[in-house]
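Undergrad: Assemble chains B and C onto chain A, guided by the hints.
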Amino acid sequence: MAGYEVFGTWVAALLTLCLMSFLYKDNPFFRFAEALFAGVSLGYYIGITLDQTLRPNLFIPLAEQGVTGDTAHLRFAGLVGLNLYTRYIPKIAWFARSSLALYVGYYVGINMVQKLQGEVLPQAAATMVDLSGDGNVMSAFNSFVMLVGVITVLMYFFFSVEHKGGFGKASRIGIWFLMLGFGAAFGYTVMGRVSLLIGRFNFIVIQWIGGTLQSLGFGG
Amino acid sequence: MSTALAKLTTIDRRWIFLLIGLGTLIPILIPIGFPVTITPPVQSIYDKIETLGENDVVVLSYDYGPTTAAENEPMADAIIRHCFLRKVKVVALALYPLGGLTAVNGSVTRVSAEFPGLQYGVDYVNLGYKDGGQASMKLLAEDFSKAFPGDTNGTPLSTLPLMQKVTGARNAQLAVSIATGVIGEWWANLINAQYGLPVAVGCTAVSAPKYYAYLEAGQMLGLIGGLKGASEYEQLLLNGYPQTKTIYSNPMLQTASKGMDVQTIDHLIIIGFIVLGNIAYFAGRRAKQA
Amino acid sequence: MFLRLRLPLLLTLLAGLIPIIAFFFKDDATFIKKPNSWLEQDMVIVSGFALLLGVVNVVQSNVRKIERREKGWLFAAVLLFGMFFMGIFGAAGAMRLGGLPGIGNYPNGTPTPFAWGSVYMFTPLQSTMFALLAFYIASAAFRAFRVRNLEATILLVAAVFVMLGRIPVGEGAFGSVTEWMMQVPNGAAQRGIIIGAALGAASLSLRVILGIERSYLGLEKSE
Chain A
1 MAGYEVFGTW
11 VAALLTLCLM
21 SFLYKDNPFF
31 RFAEALFAGV
41 SLGYYIGITL
51 DQTLRPNLFI
61 PLAEQGVTGD
71 TAHLRFAGLV
81 GLNLYTRYIP
91 KIAWFARSSL
101 ALYVGYYVGI
111 NMVQKLQGEV
121 LPQAAATMVD
131 LSGDGNVMSA
141 FNSFVMLVGV
151 ITVLMYFFFS
161 VEHKGGFGKA
171 SRIGIWFLML
181 GFGAAFGYTV
191 MGRVSLLIGR
201 FNFIVIQWIG
211 GTLQSLGFGG
Chain B
221 MSTALAKLTT
231 IDRRWIFLLI
241 GLGTLIPILI
251 PIGFPVTITP
261 PVQSIYDKIE
271 TLGENDVVVL
281 SYDYGPTTAA
291 ENEPMADAII
301 RHCFLRKVKV
311 VALALYPLGG
321 LTAVNGSVTR
331 VSAEFPGLQY
341 GVDYVNLGYK
351 DGGQASMKLL
361 AEDFSKAFPG
371 DTNGTPLSTL
381 PLMQKVTGAR
391 NAQLAVSIAT
401 GVIGEWWANL
411 INAQYGLPVA
421 VGCTAVSAPK
431 YYAYLEAGQM
441 LGLIGGLKGA
451 SEYEQLLLNG
461 YPQTKTIYSN
471 PMLQTASKGM
481 DVQTIDHLII
491 IGFIVLGNIA
501 YFAGRRAKQA
Chain C
511 MFLRLRLPLL
521 LTLLAGLIPI
531 IAFFFKDDAT
541 FIKKPNSWLE
551 QDMVIVSGFA
561 LLLGVVNVVQ
571 SNVRKIERRE
581 KGWLFAAVLL
591 FGMFFMGIFG
601 AAGAMRLGGL
611 PGIGNYPNGT
621 PTPFAWGSVY
631 MFTPLQSTMF
641 ALLAFYIASA
651 AFRAFRVRNL
661 EATILLVAAV
671 FVMLGRIPVG
681 EGAFGSVTEW
691 MMQVPNGAAQ
701 RGIIIGAALG
711 AASLSLRVIL
721 GIERSYLGLE
731 KSE
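Chains as they are written, first to last, in the numbering used here: chain A, 1 to 220; chain B, 221 to 510; chain C, 511 to 733.
Chain A extracted, bound-state conformation (with noise of 0.2 Å):
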């Protein structure tokens, strides 16, 4: 291993420990980490942002092509995004209101469209099946249970009508299956977090002492 990353696998691995500390209970070890956490996070999306995004879509079409031609409009895009930092500057706060309203516009305009033609519509289609199955029983009743699910979950989130009644047990039984599909996603709950774990433990025992002992001729 080269130098900058002997030293930066003992770098992650005292990272790591002081962050499974507060295991043991809340300390400074944990803290001091935790803070270098949310600040390096911020340092990263500084660095990406300016050159992943601003760097080739922005700086480099303006510095090479001017602001003439298919490029004039980066200037507006490099204006809205500045003029969302006026909001740091109380005389003039309102100025960003302008930039938010256009950046929240788009995202909204084609959120709805998503929504409605990416979900609801292929969504309810897929609901909207033969219930015979073709012949084939199984096909049929996982249909047939497709159907009453999404009915009954609809049902339950349908608050302008009192949960009483027919109705009422209609929204019951759509509890039963948000009932399964939550208890479904806590068991894959447990399977991601402890993926995550044998992440870290990997790292401890492969890459930082596995790794240091090879290092020092031991193990090959």
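Read the hints as simulated data drawn from the structure, not as lab findings.
Be careful, since some hints might not be right.
[Said to hold, decoys possible] Quick list of in silico lysine to aspartate or glutamate cross-link-like pairs, DMTMM-like style, CA-CA up to 25 Å:
id	chain 1	residue 1	chain 2	residue 2
1	C	K575	A	E34
2	B	K508	B	E334
3	C	K581	A	E64
4	B	K307	B	E334
5	B	K465	B	E334
6	B	K268	B	E334
7	C	K536	A	D70
8	B	K385	B	D363
9	B	K385	B	E362
10	B	K465	B	D343
11	C	K544	A	E34
12	B	K465	B	E274
13	A	K169	C	D538
14	A	K25	B	D232
15	B	K385	B	E274
16	C	K581	A	E34
17	C	K543	B	D276
18	B	K268	B	D343
19	C	K544	A	D130
20	C	K544	B	D363
21	B	K385	B	D232
22	C	K536	B	E362
23	B	K307	B	D363
24	B	K465	B	D232
25	A	K164	C	E661
26	B	K268	B	D232
27	C	K543	B	D363
28	B	K268	C	D538
29	C	K575	A	D26
30	B	K385	C	E689
[Unchecked claim] From chain C, some residues computed to sit far from chain A (all C-beta separations above 12 Å):
id	residue
31	D538
32	F541
33	K544
34	E577
35	G682
[To be verified] One side of the interface only, derived from the structure: several residues of chain B facing chain A at Cβ under 8 Å:
id	residue
36	L410
37	A428
38	Q474
All C-beta atoms in this analysis are idealised placements derived from N, C-alpha and C, irrespective of residue type, glycine included.
TA: For chains B and C alone, kept in the frame of chain A given last:
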């Protein structure tokens, strides 16, 4: 007896932490090597890539960061490795701000080193990271260069032969998003929905239950869910490409298959805790009634 | 009044309508395609600026903390150190200053300071913070997962089936039923949630575009 059991509910949680810690550490030190069974959603992605060849292009989006890398990284590595084994062209990119760039740079560098015959710019390209979410996705679907004027190092796309072959993601044969959170969904409900590009997703276990709805509706052709899904894909590669055995048996490599040993032990410990917790709960109720 | 109130609402309407109208025209030659493409390219840039908005806030509040020597000011200094270390090397890399080739590696494979910080500080800190949750979820399972009533029992049984069905020792007995459970009843529940949430999000989007919902601008309905 009931009172003693009821007292269990008040034990210091650090004992639970210790057990989980040991359950994780011991199988790493002493691997068991449990077998892995393949599920249909993972098999479908493998089968799809098996139908592709050297004239086809896969867009591989690294939509995760270090927080979930332990789950997502083995999937991403397995997918790009599969593409390289079949000489399928790969356009790699990242849309997740908190670490997507680190993920794509790491994975492309790591796996491309296993294939010295492949040429950067001709067989694969790393476009790096881009802000903008859906705006970037829509742009790259139509024309990569509008979202990514250059690759991760700033090399103009016009100088990379692969990017002349595939101008936008909609011209590719498949998009695979290895995702944490919502970006994988966008590939289905925006790119698949509006451009018809086949989409497959490798997601974190936490997101898997939701992604099943997209899978069932045909908005995704396959799904790799969590570390288990990743281990299945590794197994498929080992079965289909025996030469990958040298890669996956490297003791310094963190693979999903090795992780399944720990996963098994820890799941059993947690199920044990749930059972024990319930016994203690009922014992407590009985003691109260008595 | 116009600049402070009407203009932002008009801009929201315009920016919201462009992608919606563009969706209905697939032909690249259509009048709406060019402004839509410009808007998309511009939003990538504006998103970049927006992502960094929080940095100003964090610097302001932490500098204040240090100046006033408030409790935990040393940790505020650590936070700023981490931010400036990554931020300065990131910015210098982006501007290609000091011989830096960018924010990745040098041509010989050695990492730039930003790349080094990404791999050896950012990555372990991020991943460990989330890995800690494994311990707490185990503790939560022990303390809170109780067979109290029918709903809680369904929740618990589904969780246990998934935990067993997704590990090698349980796959034989629980694998198929877990896969069925995930695809059918869980799929139905998730589909219900997706449809409900999507309809809610679409109606909220419409309210924002039409200027009925204004809270994101810091405005009341009556303003």
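Undergrad: With reference to the structure, classify each hint as holding or not holding.
TA: Checked hints:
A C-alpha spacing of about 17 Å is found between K575 of chain C and E34 of chain A, which places the hinted pair at or below 25 Å, so the restraint holds. As the CA atoms of K508 of chain B and E334 of chain B are separated by approximately 64 Å, the hinted pair breaks the 25 Å bound. With a C-alpha separation of about 50 Å, the suggested pairing of K581 of chain C with E64 of chain A is violated against the 25 Å cut-off. The suggested pairing of K307 of chain B with E334 of chain B holds, with an alpha-carbon distance near 13 Å, which does not exceed 25 Å.
A threshold of 25 Å between alpha carbons decides the hint, and for K465 of chain B with E334 of chain B the separation of about 13 Å falls inside it, so the pair holds. For a cut-off of 25 Å, the pair hint linking K268 of chain B to E334 of chain B stands: about 23 Å separates their Cα positions. A threshold of 25 Å between alpha carbons decides the hint, and for K536 of chain C with D70 of chain A the separation of about 21 Å falls inside it, so the pair holds. At roughly 12 Å between alpha-carbon atoms, K385 of chain B and D363 of chain B fall within 25 Å of each other, so this suggested pair holds.
Proximity of K385 of chain B to E362 of chain B is assessed by CA-CA distance (about 13 Å); at most 25 Å being required, the pair is judged to hold. A threshold of 25 Å between alpha carbons decides the hint, and for K465 of chain B with D343 of chain B the separation of about 23 Å falls inside it, so the pair holds. For the hint linking K544 of chain C to E34 of chain A, the alpha-carbon distance of about 46 Å lies beyond 25 Å, and the restraint is violated. For the proposed pair K465 of chain B and E274 of chain B, the alpha carbon gap of about 23 Å is at most 25 Å, so the pair holds.
Taking the CA atoms of K169 of chain A and D538 of chain C, the gap is near 52 Å; set against the 25 Å cutoff, the hint is violated. Taking the CA atoms of K25 of chain A and D232 of chain B, the gap is about 12 Å. The hint holds against a cut of 25 Å. For the suggested pair K385 of chain B and E274 of chain B, the alpha carbons sit about 12 Å apart, so the restraint of at most 25 Å is met. A threshold of 25 Å between alpha carbons decides the hint, and for K581 of chain C with E34 of chain A the separation of about 15 Å falls inside it, so the pair holds.
Between K543 of chain C and D276 of chain B the CA atoms are separated by roughly 28 Å; this puts the pair beyond 25 Å, and the hint is violated. With a CA separation close to 19 Å, the supplied pair K268 of chain B and D343 of chain B stays within the 25 Å bound. A hinted pair counts as satisfied when its Cα atoms are at most 25 Å apart, and K544 of chain C with D130 of chain A does not qualify at roughly 42 Å. With a CA separation close to 13 Å, the supplied pair K544 of chain C and D363 of chain B stays within the 25 Å bound.
For a cut-off of 25 Å, the pair hint linking K385 of chain B to D232 of chain B is broken: about 61 Å separates their Cα positions. About 11 Å separates the Cα atoms of K536 of chain C and E362 of chain B, which keeps this hinted pair within 25 Å; it holds. Between K307 of chain B and D363 of chain B the alpha-carbon distance is near 23 Å, which keeps this suggested pair within the 25 Å criterion. The suggested pairing of K465 of chain B with D232 of chain B is violated, with an alpha-carbon distance near 44 Å, which exceeds 25 Å.
Pair hint K164 of chain A plus E661 of chain C holds up; C-alpha atoms about 18 Å apart against a cutoff of 25 Å. Simply put, K268 of chain B and D232 of chain B have alpha-carbon atoms about 50 Å apart, too far for the 25 Å limit, and the pair is violated. For the hint pairing K543 of chain C with D363 of chain B, the CA-to-CA distance comes to about 13 Å; that is within 25 Å, so the pair holds. Restraint check: the Cα-Cα separation between K268 of chain B and D538 of chain C comes to about 30 Å, which exceeds 25 Å; the hinted pair is violated.
Note on K575 of chain C and D26 of chain A: the hinted pairing holds, with a Cα-Cα distance of about 21 Å set against a maximum of 25 Å. In summary, the hint linking K385 of chain B to E689 of chain C is not supported, as the alpha carbons are separated by about 39 Å, beyond the 25 Å threshold. Listed as a non-interface residue, D538 of chain C keeps its Cβ farther than 12 Å from every Cβ of chain A; the least gap is roughly 15 Å. No Cβ of chain A comes within 12 Å of the Cβ of F541 of chain C; the nearest lies about 16 Å off, and the non-interface call holds.
Chain A draws K544 of chain C into its interface by the beta-carbon criterion, the shortest separation being 9 Å against a cut-off of 12 Å. Chain A leaves E577 of chain C outside its interface by the beta-carbon criterion, the shortest separation being 17 Å against a cut-off of 12 Å. Remark: the non-interface label on G682 of chain C is consistent with the geometry, its nearest Cβ contact in chain A lying 17 Å away (cut-off 12 Å). Below 8 Å, beta-carbon pairs count as interface contacts, and L410 of chain B has one with chain A at about 5 Å; its hint therefore holds.
Hint status for A428 of chain B: holds, given a least beta-carbon distance of 5 Å to chain A, under 8 Å. The restraint placing Q474 of chain B at the interface with chain A holds, with a minimum CB-CB distance near 5 Å, inside the 8 Å limit.
Checked against the numbered hints given earlier, the structure breaks hints 2, 3, 11, 13, 17, 19, 21, 24, 26, 28, 30 and 33 and satisfies all the rest.
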